[in-house]
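Below are the chains, spelled out letter by letter.
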Amino acid sequence: MVRLEQVTRRFGAGTVALAGIDAAIGRGEFVALLGPSGCGKSTLLRLLAGLDAPDAGRLVWEGGGAPGAGEIGFVFQDATLLPWASAARNVHLPLRLAGRRFEDGAASVRELLARLGLAGFEDAKPAALSGGMRMRVAIARALVSRPRLLLMDEPFAALDEFTRNRLQDDLLALWRETGSTIVFVTHSIYEAAYLASRIVVMTPRPGRIAAEIASPLAEGGDRRTDPAYAALVREVTETLRAVMPA
Amino acid sequence: MSRAERWAPVVFGLAALGVWQGLVIGLRVPPYVLPGPAAIVAAFWADRASLLLSLVSTLAVTGAALLAAALLGMALALAMAASRLARAAIQPWAVVLQVTPVVAIAPLIIIWVHQQFAAMVVCATIVAFFPVLSNTAAGLAATPPELADLFRLNGASRWQTLALLRLPSALPFFLAGLRIAGTLALVGAVVAEFVASSGGFAGGLAGRILESGYRLEIPRMFAALMLLAFTGIGIYAALGAFERRMLRRFGAGG
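From first to last, the protein sequence lines are chains R and H.
Position 1, counted from 1, in the first sequence is what numbering that gives the first Met the number 0 calls 0; the numbers after and before it change by one each time, with no gaps.
Position 62, counted from 1, in the second sequence is what numbering that gives the first Met the number 0 calls 61; the numbers after and before it change by one each time, with no gaps.
Derived by calculation from the structure, the hints in this document are not laboratory data.
Owing to the predicted nature of the structure, the values given are computational and were not obtained by experimental measurement.
Nothing false has been slipped in among the hints.
Okay, the calculated beta carbon distance ranges per label pair:
{"no.": "1", "chain 1": "H", "residue 1": "Gln159", "chain 2": "R", "residue 2": "Ala118", "range": "28 to 36 Å"}
{"no.": "2", "chain 1": "H", "residue 1": "Val40", "chain 2": "R", "residue 2": "Gly119", "range": "53 to 61 Å"}
{"no.": "3", "chain 1": "H", "residue 1": "Trp158", "chain 2": "R", "residue 2": "Glu61", "range": "31 to 39 Å"}
{"no.": "4", "chain 1": "H", "residue 1": "Ala78", "chain 2": "R", "residue 2": "Arg165", "range": "46 to 54 Å"}
{"no.": "5", "chain 1": "R", "residue 1": "Asp103", "chain 2": "H", "residue 2": "Pro144", "range": "26 to 34 Å"}
Beta carbons are placed, not taken as given, at the ideal position from N, Cα and C, and that holds for glycine.
Work out the full structure: start from the sequences and follow the hints.
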């Protein structure tokens with residue numbers, strides 16, 4: 000879907016956030032960008048979204064053109080909903096910005112909310128929803144314009160473990176169902192191993208790709224209790240230990 | 000709040016008024032120095048037509064100034080949010096207007112603006128617009144950057160970002176500024192009336208206060224002051240109710 004060639008990004012006085020990143024993201028992949036704080040994974044996500052531009056190197060998109068308006072879905076660490084708008088209107092926002100009326104998109108909005116377990120909460124304002132529910136609204140909002148690429152920046156980091164596990168399960172199911180392409184930034188080894196079809200391990204200052212690990216986990220079945228999941232966590236942990244500066 | 004807590008301010012106020020009345024009678028304080036509450040109420044009742052008419056005049060200036068302050072503050076805040084150049088150009092002058100006492104500028108304005116009502120509205124607007132401007136500007140600047148990114152990703156136009164994101168984010172800030180502006184508009188209106196009275200203007204509650212002073216009708220002076228104080232409280236409460244209503248309708252709650 001997109002190839003990164005020698006992508007470099009610097010900030011201010013000599014801080015190199017990304018140093019010569021070469022990577023590729025294939026259609027339908029679920030890629031986890033894993034690394035500690037300050038390794039440039041969020042910067043990489045912003046470059047993919049087109050919210051930031053590299054100082055050197057380039058991004059080569061399949062089919063030539065960079066994604067246009069509404070072709071990228073973005074989920075932030077906080078749900079960042081409009082606090083004055085109902086869940087349904089929040090989900091509808093990308094359609095509205097594309098010039099479509101609320102009534103026209105209402106059916107697909109309701110369907111998406113129901114798919115994310117929020118049937119009956121269409122008219123609730125964000126303040127009336129729990130943190131997990133707000134994040135579900137944010138995911139629905141990112142999907143409503145049927146984006147080519149879904150980018151997620153530590154979306155579950157602020158949630159409690161039970162809520163996080165349920166959202167991870169739902170996201171996996173959604174990915175399998177829709178076949179969408181996801182790049183997911185996380186600093187949790189367990190989360191990366193559980194979700195991704197490929198894990199990209201990054202090191203900090205300057206941000207580089209240290210290793211790439213393809214997931215051996217089967218598509219079906221319960222991943223959390225699969226011995227292969229435990230083995231993958233171990234492999235990722237050992238890789239991190241080997242590549243991290245002391 | 001318990002029943003006792005709700006009634007406490009009323010009981011305390013009545014007790015204070017009772018002590019005041021008692022001291023005035025007991026110490027034989029002459030009414031031209033300090034009238035008792037009973038004399039003030041009597042003076043108000045005796046002169047209610049003139050006092051209420053003056054209040055209407057003062058309220059007209061206050062209301063017009065509040066409206067002008069809301070529109071002017073909002074417009075300047077939008078200009079400052081739209082362009083850094085506009086911000087750099089406007090901000091220092093807004094502060095200059097704010098820190099210069101209106102009593103000092105008022106004579107100039109009354110010379111320049113020949114229509115008396117308009118001149119007083121201009122004075123009161125100068126006092127009242129600053130909180131609207133600074134609050135709305137702060138609100139427009141406080142848009143969460145992630146939401147701004149989200150609008151960018153979805154190809155939002157400048158106009159869409161303003162109408163669907165920045166203005167609604169700024170609404171609570173604007174309303175808080177408006178509530179402060181309401182009481183300041185009243186202060187500005189009274190100051191303008193005081194200044195205008197030296198040019199022969201005799202309307203408004205300030206006119207009644209000055210007039211009572213000249214005639215040593217101190218109870219009437221207190222009655223006009225009392226009316227002003229209640230009006231200020233009324234404006235503050237009304238704008239507070241307006242704020243809650245707007246936030247329930249367009250805000251995060253409900």
